[in-house]
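Residue numbers (our numbering), protein chains in the order written: chain A, 15 to 408; chain B, 15 to 408.
Derived by calculation from the structure, the hints in this document are not laboratory data. All the given hints hold, so there is nothing to weed out.
Any copy will do: because identical chains look the same in the list, a pair fits if it lies in one copy or spans two.
Once the Cα atoms are required to be at most 30 angstroms apart in a straight line, the calculated DSSO-like pairs of lysine-lysine come out as: (1) 109 to 190; (2) 74 to 190; (3) 190 to 72.
The primary structure of each chain is shown beneath.
Protein chains: 2
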Amino acid sequence: MNEQASEPSSEKAPEPSSNQGAPIPLCVKVELGARAYEILIGQGLMERAGTLIAETSKPKAAAIVVDENTRELFAQRVSDALGASGIRSAVIAVKPGERSKSYRVYEEVCEAILAAKIGRDDLVIALGGGVVGDLAGFAAASVRRGVALVQMPTTLLAQVDSSVGGKTGINSALGKNLVGAFHQPALVLADTGALDTLSAREFRAGYAEVVKYALIDRPQFFEWLEAKRAEIFAGGAARAEAIAECCRAKAAIVAADETEAAERALLNLGHTFGHALENVTGYDNARLVHGEAVAIGCAMAFRFSAALGLADPAEARRVEAHLAEAGLPSRLAHVPGGAGSLEALTAAMAQDKKVRDGTPTFILARGIGRSFIQRGVELERLRNFLSSELRSNG
Amino acid sequence: MNEQASEPSSEKAPEPSSNQGAPIPLCVKVELGARAYEILIGQGLMERAGTLIAETSKPKAAAIVVDENTRELFAQRVSDALGASGIRSAVIAVKPGERSKSYRVYEEVCEAILAAKIGRDDLVIALGGGVVGDLAGFAAASVRRGVALVQMPTTLLAQVDSSVGGKTGINSALGKNLVGAFHQPALVLADTGALDTLSAREFRAGYAEVVKYALIDRPQFFEWLEAKRAEIFAGGAARAEAIAECCRAKAAIVAADETEAAERALLNLGHTFGHALENVTGYDNARLVHGEAVAIGCAMAFRFSAALGLADPAEARRVEAHLAEAGLPSRLAHVPGGAGSLEALTAAMAQDKKVRDGTPTFILARGIGRSFIQRGVELERLRNFLSSELRSNG
Chain A
15 MNEQASEPSS
25 EKAPEPSSNQ
35 GAPIPLCVKV
45 ELGARAYEIL
55 IGQGLMERAG
65 TLIAETSKPK
75 AAAIVVDENT
85 RELFAQRVSD
95 ALGASGIRSA
105 VIAVKPGERS
115 KSYRVYEEVC
125 EAILAAKIGR
135 DDLVIALGGG
145 VVGDLAGFAA
155 ASVRRGVALV
165 QMPTTLLAQV
175 DSSVGGKTGI
185 NSALGKNLVG
195 AFHQPALVLA
205 DTGALDTLSA
215 REFRAGYAEV
225 VKYALIDRPQ
235 FFEWLEAKRA
245 EIFAGGAARA
255 EAIAECCRAK
265 AAIVAADETE
275 AAERALLNLG
285 HTFGHALENV
295 TGYDNARLVH
305 GEAVAIGCAM
315 AFRFSAALGL
325 ADPAEARRVE
335 AHLAEAGLPS
345 RLAHVPGGAG
355 SLEALTAAMA
365 QDKKVRDGTP
375 TFILARGIGR
385 SFIQRGVELE
395 RLRNFLSSEL
405 RSNG
Chain B
15 MNEQASEPSS
25 EKAPEPSSNQ
35 GAPIPLCVKV
45 ELGARAYEIL
55 IGQGLMERAG
65 TLIAETSKPK
75 AAAIVVDENT
85 RELFAQRVSD
95 ALGASGIRSA
105 VIAVKPGERS
115 KSYRVYEEVC
125 EAILAAKIGR
135 DDLVIALGGG
145 VVGDLAGFAA
155 ASVRRGVALV
165 QMPTTLLAQV
175 DSSVGGKTGI
185 NSALGKNLVG
195 AFHQPALVLA
205 DTGALDTLSA
215 REFRAGYAEV
225 VKYALIDRPQ
235 FFEWLEAKRA
245 EIFAGGAARA
255 EAIAECCRAK
265 AAIVAADETE
275 AAERALLNLG
285 HTFGHALENV
295 TGYDNARLVH
305 GEAVAIGCAM
315 AFRFSAALGL
325 ADPAEARRVE
335 AHLAEAGLPS
345 RLAHVPGGAG
355 SLEALTAAMA
365 QDKKVRDGTP
375 TFILARGIGR
385 SFIQRGVELE
395 RLRNFLSSEL
405 RSNG
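Isolated chain A (complex conformation) (with noise of 0.2 angstroms):
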């Protein structure tokens, strides 16, 4: 980990606090009581982070959590911006990576926090994909008890997902994102321009969790990116605005239940599917990311519900072709290497955290945008659609 401090420079000549000649955001606004706060999504905000910030509070000093590739591509942009608001900040990097979700990792932020004398009137920032989101939130969450966060993803997946919500945290020898905390940012600022440094592989992956939202309670949202998928990957307009109705979409079910009690669960469709698939594969990112993982947990979902009755397989098909024009995988047999054997997948979704009284919860659905959750599947009609999922070679 390294740490670098800035002053705000005296010497630059003030710049205009209105927002004279920049594009207008798009906003989304959480509402959660006190605990509100507002996603603006557009292009350029990373240059505008000080005046925005000072928008909703009075910062002396920040604190900019970001990993090694964050740092080079956009952290003295940010550390810039900061200073000709006259916010003090110091960047504080770690390593790349879901490694660094460690109580290890954790504890050097928390204590280069405290050295950087951020005090419960400053704030922390994370600046970085879904990793440095989760790291830096908890830290932030745990300070002095708590100081304000403010999430600047740069990855569509932290866009879309991690960075709306409140869910931090770090993992567990006996599982990911097993200790944390819920602690709800003070603003988001989703610089559209960041997805431009991204591989076409992480986009895509992205791009699947995208997808899910339309798949939760969003009809006219999947026929919408069924029309727009080419200018959505392009990028411009398509692309914020695909963005923001994701964080509409996970907005309201977040408002709706901050703390996971119930129909927060809704956002784990894909993922029970795709948390095996990512067990079984050993977490091995060059074989398959998180997205891909839930871009085949969807897919399965959908195929699922169809062998239990309860949808059309004309709709898991129509899934499958979404995915495939965006080049992501829907099927086992997608996944480099194989997806392991029927007892691997069983027995790494059984560890899985949702799972009471023996019996996985998935989220099943009756069409595209009608998920719903389920307790209690029989594990004989899963094993049986496990089966025949792995002898399909897709």
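Dock chain B against chain A, hints included.
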């Protein structure tokens, strides 16, 4: 750290779920909306833990966090009581003392709670003094992003202070309690029988915090303490009533300001001076324990208030007299080995969490039960006061 699991015995005769024959404990309600909870105070509450917990929630399992001392004294009793109500329990023991409030032990406790398969409908029980309460409370706040916490404080200090109000945390290299969470308990069971296991010094030290509540805003409680001190030290009804009154006092302040934005700072009466004394004596409990530091700190806050012309010097003398009657120190000269130099004391105070813009925030008083928050005390007046305190031989 050690763990032991115990299954509820199915052979035992079922206990009556009513409290027939058991004395009715005192009950203090902490009004925090959706996070409201009750503090029960009385003899024999450990033996009734299972039935009392079952009145508010239906956990299947509990992780009982203890230190090696409270494991010996109380763990079996609580585990048996839970088992009789059908609640499986695992005992998680840490070493006694402040050094257990570390990142390392926090990780061990979180992992042990997860290994004990404590789910989001189960609970963590903190069975011990302030260290166990702070550590287990932070682990409970973090595991699965928050499981229910039952505080079972076993020291007078914990019963009147640290088990009430939701502050949890561990120590940073940069200061005490700098990393943690606000996590309100679901229930507090203060078994006054546990206090009979305390040394006379530990009991006295806890009594300093009892006096503090009276000094903040309860002048009649102070008169009552002057009249009942001997009875409180002897045990029985006066002791339980004193504890209940402290809980009422703290509950009122916490309900008005859960996250210490403002008046919750009144609870720091005696602590700005007290923390500096703990610092200059190297947190050496052989020389000074926290409650003794608070006793000296409260007396100093009243003498400082008198020196600033805010309070009648007779009020400061009355505070000193009561502390002396309880066997507590009230002057720097009472610190074994001395209270350090003027420079060491002022440096320690400048490090306090409550310093803003270089000048410490003090809790001062216009008289007994008439304390207030004073920001921006002039450093010169503080230095003059500390000089005179160091010259005084008490």
